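4 protein chains.
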Amino acid sequence: MDFAHSAKTREYLQRLQAFLAEHVAPREAEYRRQNAANAGADWTQWREPGQMAEWKAQARAAGLWNLFLPDVEHGAGLSTLEYAPLAEAMGRNEFTAEIFNCSAPDTGNMEVLHHFGSEAQKARWLTPLLAGDIRSVFCMTEPEVASSDATNMRATIREDGDELVLDGRKWWSTGIGHPHCEIAIFMGLSDPGAESHARHGMVLVPMDTPGVRIERMLAVHGEYDAPHGHGEVVFDNVRVPKANYILGPGKGFAIAQGRLGPGRIHHCMRAIGAAEHALELMIRRGLERVAFGKPILQLGGNLERVADARIAIDQARLLTLYAAWKIDAVGAKQAMTEISAIKVVAPNMLQAVVDQAIQIHGGAGVSDDVPLVGLFALARALRLADGPDEVHRAMVARMELAKYK
Amino acid sequence: MDFAHSAKTREYLQRLQAFLAEHVAPREAEYRRQNAANAGADWTQWREPGQMAEWKAQARAAGLWNLFLPDVEHGAGLSTLEYAPLAEAMGRNEFTAEIFNCSAPDTGNMEVLHHFGSEAQKARWLTPLLAGDIRSVFCMTEPEVASSDATNMRATIREDGDELVLDGRKWWSTGIGHPHCEIAIFMGLSDPGAESHARHGMVLVPMDTPGVRIERMLAVHGEYDAPHGHGEVVFDNVRVPKANYILGPGKGFAIAQGRLGPGRIHHCMRAIGAAEHALELMIRRGLERVAFGKPILQLGGNLERVADARIAIDQARLLTLYAAWKIDAVGAKQAMTEISAIKVVAPNMLQAVVDQAIQIHGGAGVSDDVPLVGLFALARALRLADGPDEVHRAMVARMELAKYK
Amino acid sequence: MDFAHSAKTREYLQRLQAFLAEHVAPREAEYRRQNAANAGADWTQWREPGQMAEWKAQARAAGLWNLFLPDVEHGAGLSTLEYAPLAEAMGRNEFTAEIFNCSAPDTGNMEVLHHFGSEAQKARWLTPLLAGDIRSVFCMTEPEVASSDATNMRATIREDGDELVLDGRKWWSTGIGHPHCEIAIFMGLSDPGAESHARHGMVLVPMDTPGVRIERMLAVHGEYDAPHGHGEVVFDNVRVPKANYILGPGKGFAIAQGRLGPGRIHHCMRAIGAAEHALELMIRRGLERVAFGKPILQLGGNLERVADARIAIDQARLLTLYAAWKIDAVGAKQAMTEISAIKVVAPNMLQAVVDQAIQIHGGAGVSDDVPLVGLFALARALRLADGPDEVHRAMVARMELAKYK
Amino acid sequence: MDFAHSAKTREYLQRLQAFLAEHVAPREAEYRRQNAANAGADWTQWREPGQMAEWKAQARAAGLWNLFLPDVEHGAGLSTLEYAPLAEAMGRNEFTAEIFNCSAPDTGNMEVLHHFGSEAQKARWLTPLLAGDIRSVFCMTEPEVASSDATNMRATIREDGDELVLDGRKWWSTGIGHPHCEIAIFMGLSDPGAESHARHGMVLVPMDTPGVRIERMLAVHGEYDAPHGHGEVVFDNVRVPKANYILGPGKGFAIAQGRLGPGRIHHCMRAIGAAEHALELMIRRGLERVAFGKPILQLGGNLERVADARIAIDQARLLTLYAAWKIDAVGAKQAMTEISAIKVVAPNMLQAVVDQAIQIHGGAGVSDDVPLVGLFALARALRLADGPDEVHRAMVARMELAKYK
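Chains as they are written, first to last, in my numbering: chain A, 53 to 457; chain B, 53 to 457; chain C, 53 to 457; chain D, 53 to 457.
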């Protein structure tokens with residue numbers, strides 16, 4: 053047992069932090085200001101602030117690119133565990149991961165294509181995604197049913213000659229509002245009569261296909277998360293070639309499962325980075341503002357809250373790193389307890405830490421003057437995305453009880 | 053001891069609920085839709101949806117008007133305790149209290165004028181406020197200092213001949229964005245050398261006075277709360293006649309204290325009404341949506357969460373009613389423990405209930421499709437407004453320890 | 053609505069507190085010391101300390117006797133609500149209620165006999181119980197099944213000529229170890245084939261009946277609660293006359309239900325009195341002990357814990373009083389939500405307050421030097437007795453959902 | 053980074069678990085039964101059940117002896133991190149560590165002698181302690197002051213010719229009741245005028261020295277923890293040779309600090325083993341008992357509680373292992389945040405898990421029929437021993453704030 057990061061991780065981490073300090077931090081306020089013009093619900097007006105393209109070019113040139121992908125040719129050859137601390141560093145702000153072409157849902161979509169895509173699919177979509185030239189979306193959740201139970205899914209994939217005909221309504225399609233979003237992975241019922249985990253398929257759908265209609269963007273606690281956003285989209289008699297099937301009918305669940313393990317590590321490590329950011333803001337503010345003759349951090353139980361935050365963050369990080377190690381060592385299937393556990397722990401921890409940081413900030417905390425409400429919305433959404441807390445607790449309990457059979 | 057409401061309260065409550073059912077509920081969606089046009093940060097474009105004026109006229113005609121004011125001539129002659137259940141009923145939605153001319157900060161401002169205003173001040177400002185023709189704002193909190201310690205206040209009131217000269221920057225000036233907002237109560241240092249509770253004064257400032265400059269509206273978790281909003285406003289060499297002093301220099305603290313007791317009852321009872329609304333939404337959604345073959349309310353610990361919410365709401369209500377009774381019976385000064393206690397309990401309870409209701413709603417919960425994020429923002433802001441939780445816990449502890457001296 | 057106690061309650065409360073101050077407090081340490089000789093598991097050696105008989109005689113002479121019984125002839129004619137504050141005052145210490153002949157399970161057993169006993173049963177058992185000459189036990193819970201589901205009960209009542217034959221094993225039979233315990237109420241299956249709420253009967257069993265065999269006393273977190281204790285007892289072919297049936301076969305559930313409403317009010321109010329005691333100990337110790345140059349109550353978040361305790365106690369009290377009022381006003385059946393709610397709230401609140409008080413005491417807190425571990429054991433047992441928290445939460449949720457049908 | 057245990061640890065763990073399964077588990081009930089004869093407060097009657105000496109001989113013969121000691125000659129040569137999982141395995145029951153000569157306070161005392169003892173001290177006391185022939189006690193905490201602030205200590209060490217004269221009252225002297233306890237380490241003021249961390253000394257005191265008077269044993273939530281116990285002891289003009297000083301005057305604090313790091317790892321890992329035991333009991337009981345037609349584990353939120361317990365245990369374990377690694381890698385001084393963090397986390401986690409396990413057991417849970425109340429008492433005491441939670445939270449906060457200076 054050894055808690056020291058590998059030399060490779062340490063070196064990447066150092067370069068990444070240096071990059072963030074040198075290139076990103078000085079322009080962060082400028083980026084936020086420019087992106088604030090995107091704040092409204094009218095996603096058709098959203099633009100990627102100009103800094104992003106520059107940062108991406110710099111990151112690519114610096115070799116800080118596609119770090120999430122374990123593949124040595126296209127990625128950095130880092131294991132899930134080795135990448136985790138880099139994801140944490142990228143999670144400090146909500147826009148940072150994109151700089152390194154490491155942001156969801158593109159990362160998961162690239163992994164799907166990398167592992168399960170045909171050569172033609174890879175050439176057409178994976179290559180520009182890896183280059184950061186386009187962005188993508190994953191269309192799974194539906195507004196009309198409880199998506200915590202994936203068997204509720206209603207969207208359909210029907211074969212018609214050489215074509216697939218797709219119908220359904222999806223929402224929380226994250227990234228669909230981005231001006232560069234060109235490709236969707238659509239999940240739907242392909243074999244309604246099959247057993248529950250062999251009923252669904254996944255299909256690649258270019259965003260400009262007729263019948264794909266984005267109806268609106270959804271806010272999360274009032275935040276639209278421009279310029280990528282979360283969309284509600286209708287697929288109305290959408291026709292694509294059969295060659296757009298990923299693996300073929302009935303393979304949707306298996307693909308989705310493979311996609312989730314490392315993806316959850318990334319999400320949780322970014323949440324941990326966000327929590328470190330919130331704690332830092334809380335401490336700086338609490339040391340600076342004075343009430344009743346003392347820095348407010350010295351009042352009442354505030355220092356205990358700092359301690360609780362530090363302890364909660366460190367515990368969440370260790371559990372996530374442990375889950376990453378287990379995925380690498382024995383595969384995501386054998387790490388289901390840990391993956392579900394961090395899915396509960398990290399977002400709840402982030403929500404609690406941010407809530408506390410807000411409280412220390414007073415009125416400024418709930419305003420847009422400090423980036424806390426955005427981190428709060430992130431935490432709140434993560435408690436629902438990819439399965440709500442309750443589903444993951446049920447999974448952990450099921451695994452635990454299985455030991456007694 | 054008797055937990056039954058007075059006949060007068062029961063009768064008003066019945067009429068109020070009938071009014072809400074008959075006049076408001078059928079047009080609630082329409083009102084929200086129309087107000088959504090106000091959603092952005094540009095407060096100069098905010099308009100009061102047309103329904104409001106109609107509702108107000110109907111409410112006034114129905115004798116459901118100024119119910120908050122104990123005064124028998126101008127108000128309904130209800131005690132704090134008798135009014136409390138009506139405040140709860142009005143709190144179900146964020147816009148309902150205004151229909152009955154019972155919304156903050158106008159209620160508190162009207163009380164200040166009623167108790168402490170000169171005849172001229174009453175004629176000029178209280179009369180149109182009681183008529184619901186204009187709205188008002190209370191400018192106390194400042195962005196540059198920790199406002200939890202009121203002695204930090206920096207704004208100044210200087211006498212210059214027959215005039216008062218006001219300078220300072222205020223924020224979280226709730227209501228200042230409303231198109232009908234015509235009058236501000238400004239609080240500032242009038243006697244910097246006096247002992248800490250005799251340093252401040254309150255002055256009436258018409259919003260169109262030169263030097264009053266609204267700089268922006270603040271969002272709360274992304275919600276601007278149009279059409280009233282929360283503003284940041286600069287008073288830059290603002291000059292008003294000395295006659296605009298309320299009571300005179302050094303009286304600010306005493307006036308503020310008197311304003312807070314019943315006001316906190318109103319806030320907390322509205323929070324309880326909001327929590328009942330959230331619980332109702334949670335149950336309806338949880339019974340309707342199905343996952344894993346059952347209504348999701350039947351899964352895992354969800355029913356226990358319903359029980360916890362019911363218990364927490366009932367406890368918060370009883371404590372608030374008790375505080376109201378104590379204010380009526382022995383005055384706000386003798387009820388400081390209870391007033392601070394409910395200020396901690398009610399918003400935290402609301403936040404917890406709404407958070408749970410959001411969770412049961414899945415993705416819809418964090419969106420604008422259901423009114424939960426608005427109630428969440430309300431709860432979150434209430435944990436800071438009029439003193440953060442920590443200040444009120446400290447007050448309860450101080451009162452408790454005083455018993456041992 | 054009026055939160056002032058009735059004149060009768062105020063007067064009784066004043067007399068009760070004067071009695072406790074004058075007669076009990078000065079001899080409390082002496083009583084505890086003498087009772088400590090009872091501390092072991094060998095209940096056959098338990099003796100009631102001599103102070104108790106003297107106190108009881110004094111209390112009876114002072115008219116502070118059977119206050120729990122609403123009956124005007126045998127009791128004090130107090131409603132549930134009027135008695136509640138007296139129960140709180142008696143709950144400060146674990147032995148105080150007995151002084152006034154108001155301790156469980158005698159109170160519940162007397163109520164059963166008062167409401168449902170035959171004249172002969174009353175003459176034989178109720179009269180000496182009301183006189184405080186004997187004590188009693190209620191034998192319901194069984195070790196071999198989950199008693200949270202009352203339909204699990206296995207003990208049997210069989211008719212054989214003029215006799216009833218009782219068989220079964222019971223535990224947590226509180227009071228059975230008391231030297232004065234002379235009568236048990238035994239609950240068992242009388243009509244196994246009937247619908248689930250008409251299967252059980254209750255039978256009076258003198259403790260000296262052949263076949264009644266006390267096997268041992270149970271400790272609660274190491275506390276045997278001498279001199280009354282909690283026993284495990286076997287009924288092995290126990291024969292009593294049919295006249296010992298209370299109401300007759302199949303009536304057990306209905307009797308048990310009637311017994312529980314006011315009984316839970318008493319339990320919860322005593323828990324609240326215990327919590328007040330714990331908070332007082334916590335504050336006194338926290339003001340007296342010094343660390344790092346300050347009274348430890350001034351360190352870290354300790355004052356916030358005082359505030360949280362005060363708020364939690366006051367909320368629990370108000371909810372319990374409300375439940376009492378509702379029982380009086382509309383009957384226990386219409387107050388099921390409130391009765392279950394306080395059954396969850398009061399013991400959990402007590403456990404939390406005592407745990408905190410222990411923490412402030414340091415090592416002394418977990419020792420027998422201060423009466424906190426006894427109060428903790430009381431709280432812990434109350435979270436299980438008469439239905440665990442989980443069953444009561446389920447009941448509150450069921451009532452809540454019923455509003456939506 | 054690697055979460056796999058070293059080969060050495062894996063091998064020891066396997067042998068340890070095999071030993072426990074083969075030799076200990078079959079006789080556990082017998083040991084407990086025999087030790088129950090020790091249950092009372094009269095420690096002079098306490099005897100070590102005969103199984104212990106046999107188990108110790110077997111463990112020593114099996115090479116499972118003094119595993120805690122990193123020293124390769126006298127111990128097993130395991131690092132803190134390598135030993136940690138063995139401590140967890142030993143923590144399942146409260147008596148298991150002693151079998152392997154790995155129980156507190158002997159482990160800490162042996163470390164003190166190993167690192168700081170003179171050759172003569174080692175020969176006289178360390179040798180028989182390493183052989184498991186005698187036991188020891190550490191006398192630090194005092195009843196009259198808040199021991200959370202070590203500078204409060206009042207006991208004195210005075211030089212008088214060739215002798216040291218010791219005076220003071222100590223309590224929570226764990227192990228002092230054991231029939232084999234022969235040696236105490238006494239801590240007291242040796243240089244009252246020195247700066248606060250150079251005022252104290254540590255002295256070896258044979259238990260049979262005149263003037264050492266054990267006054268009583270203290271119960272923890274009613275548990276006396278025979279046969280070792282927790283004593284209150286008076287040192288009244290106790291005279292020992294100067295050669296009994298460990299290192300000499302003023303060195304007490306430095307020695308105490310060195311003693312605490314690994315000791316807290318041991319305590320916390322044992323607490324984690326205890327929590328695993330409690331969770332196992334909870335699940336077995338919850339699967340076995342049926343209510344309302346289902347195993348009670350399937351009711352309400354009980355499965356979520358299983359999940360929460362699993363997650364909390366795993367997080368506590370990882371944090372403790374991380375702290376162990378940090379102690380090994382950079383020393384206890386650089387691991388103060390982590391050492392204080394686990395001191396908060398592990399006992400609170402254990403208390404919460406045991407409390408939940410008790411609840412699932414119903415009445416049996418609070419009785420002595422299952423070993424849960426003993427584990428609860430352990431957790432409760434650990435939240436106070438070696439510094440209460442509050443002191444450790446303050447330490448974590450201090451370290452955190454130091455990053456911002």
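Where hints are given, some of them may not hold.
Identical chains share a label here; the pair holds if one copy fits it or two copies do between them.
Straight-line alpha carbon distances no greater than 27 Å define the calculated DSS-like cross-link-like pairs of lysine-lysine that follow [claimed, not checked]: (1) Lys457 <-> Lys303; (2) Lys346 <-> Lys174; (3) Lys346 <-> Lys108; (4) Lys346 <-> Lys455; (5) Lys294 <-> Lys457; (6) Lys108 <-> Lys294; (7) Lys108 <-> Lys455; (8) Lys346 <-> Lys457; (9) Lys174 <-> Lys108; (10) Lys294 <-> Lys346; (11) Lys455 <-> Lys294; (12) Lys174 <-> Lys294; (13) Lys60 <-> Lys457; (14) Lys60 <-> Lys294; (15) Lys294 <-> Lys385; (16) Lys385 <-> Lys174; (17) Lys303 <-> Lys108; (18) Lys174 <-> Lys455; (19) Lys385 <-> Lys455; (20) Lys457 <-> Lys108; (21) Lys457 <-> Lys174; (22) Lys455 <-> Lys303.
The set of hints was computed from the structure by calculation and includes no laboratory data.
Just so we're clear, the structure is a prediction, and the values are computed from it rather than from any experiment.
Now the hints, each set against the structure:
1. Taking the shortest alpha-carbon separations for Lys457 and Lys303, neither the intra-copy value of 30 Å nor the inter-copy value of 42 Å comes in at or below 27 Å.
2. For a Cα distance limit of 27 Å, the shortest separation of Lys346 from Lys174 qualifies neither inside one copy, at 60 Å, nor across copies, at 41 Å.
3. Within a single copy, Lys346 and Lys108 get their C-alpha atoms no closer than 44 Å, and across copies no closer than 47 Å, so neither meets the 27 Å cut-off.
4. When the C-alpha separation of Lys346 and Lys455 is checked against a cutoff of 27 Å, the pair qualifies only between copies, where the shortest distance is 19 Å, while the shortest distance within a copy is 53 Å.
5. For the homomeric pair Lys294 and Lys457, neither the shortest alpha-carbon distance inside one copy (44 Å) nor that between copies (49 Å) is at most 27 Å.
6. Neither within a single protomer nor between protomers do Lys108 and Lys294 lie at most 27 Å apart by alpha-carbon distance, with minima of 34 Å and 61 Å respectively.
7. Taking CA atoms no more than 27 Å apart as the test, Lys108 paired with Lys455 passes in neither setting, with 47 Å inside one copy and 31 Å between copies.
8. With identical chains, the CA atoms of Lys346 and Lys457 are at most 27 Å apart between copies only, with a shortest distance of 17 Å across copies and 58 Å within one.
9. With identical chains, the CA atoms of Lys174 and Lys108 are at most 27 Å apart within one copy only, with a shortest distance of 22 Å there and 63 Å across copies.
10. With identical chains, the CA atoms of Lys294 and Lys346 are never at most 27 Å apart, being 68 Å at best within one copy and 36 Å at best between copies.
11. In this assembly of identical chains, the alpha carbons of Lys455 and Lys294 never lie at most 27 Å apart, being 43 Å within a copy and 52 Å across copies at closest.
12. For a Cα distance limit of 27 Å, the shortest separation of Lys174 from Lys294 inside one copy, 15 Å, qualifies, whereas the shortest one across copies, 77 Å, does not.
13. Taking CA atoms no more than 27 Å apart as the test, Lys60 paired with Lys457 passes in neither setting, with 42 Å inside one copy and 30 Å between copies.
14. For a Cα distance limit of 27 Å, the shortest separation of Lys60 from Lys294 qualifies neither inside one copy, at 42 Å, nor across copies, at 56 Å.
15. For the homomeric pair Lys294 and Lys385, neither the shortest alpha-carbon distance inside one copy (30 Å) nor that between copies (64 Å) is at most 27 Å.
16. When the C-alpha separation of Lys385 and Lys174 is checked against a cutoff of 27 Å, the pair qualifies only within one copy, where the shortest distance is 26 Å, while the shortest distance between copies is 53 Å.
17. In the homo-oligomer, the alpha carbons of Lys303 and Lys108 never lie at most 27 Å apart, since the shortest distance is 34 Å inside one protomer and 58 Å across protomers.
18. Taking the shortest alpha-carbon separations for Lys174 and Lys455, neither the intra-copy value of 41 Å nor the inter-copy value of 47 Å comes in at or below 27 Å.
19. With identical chains, the CA atoms of Lys385 and Lys455 are at most 27 Å apart within one copy only, with a shortest distance of 16 Å there and 40 Å across copies.
20. In this assembly of identical chains, the alpha carbons of Lys457 and Lys108 never lie at most 27 Å apart, being 52 Å within a copy and 34 Å across copies at closest.
21. Taking CA atoms no more than 27 Å apart as the test, Lys457 paired with Lys174 passes in neither setting, with 44 Å inside one copy and 51 Å between copies.
22. For the identical chains of this complex, Lys455 and Lys303 are neighbours neither inside a copy (29 Å) nor across copies (44 Å), given an alpha-carbon limit of 27 Å.
Checked against the numbered hints given earlier, the structure breaks hints 1, 2, 3, 5, 6, 7, 10, 11, 13, 14, 15, 17, 18, 20, 21, 22 and satisfies all the rest.
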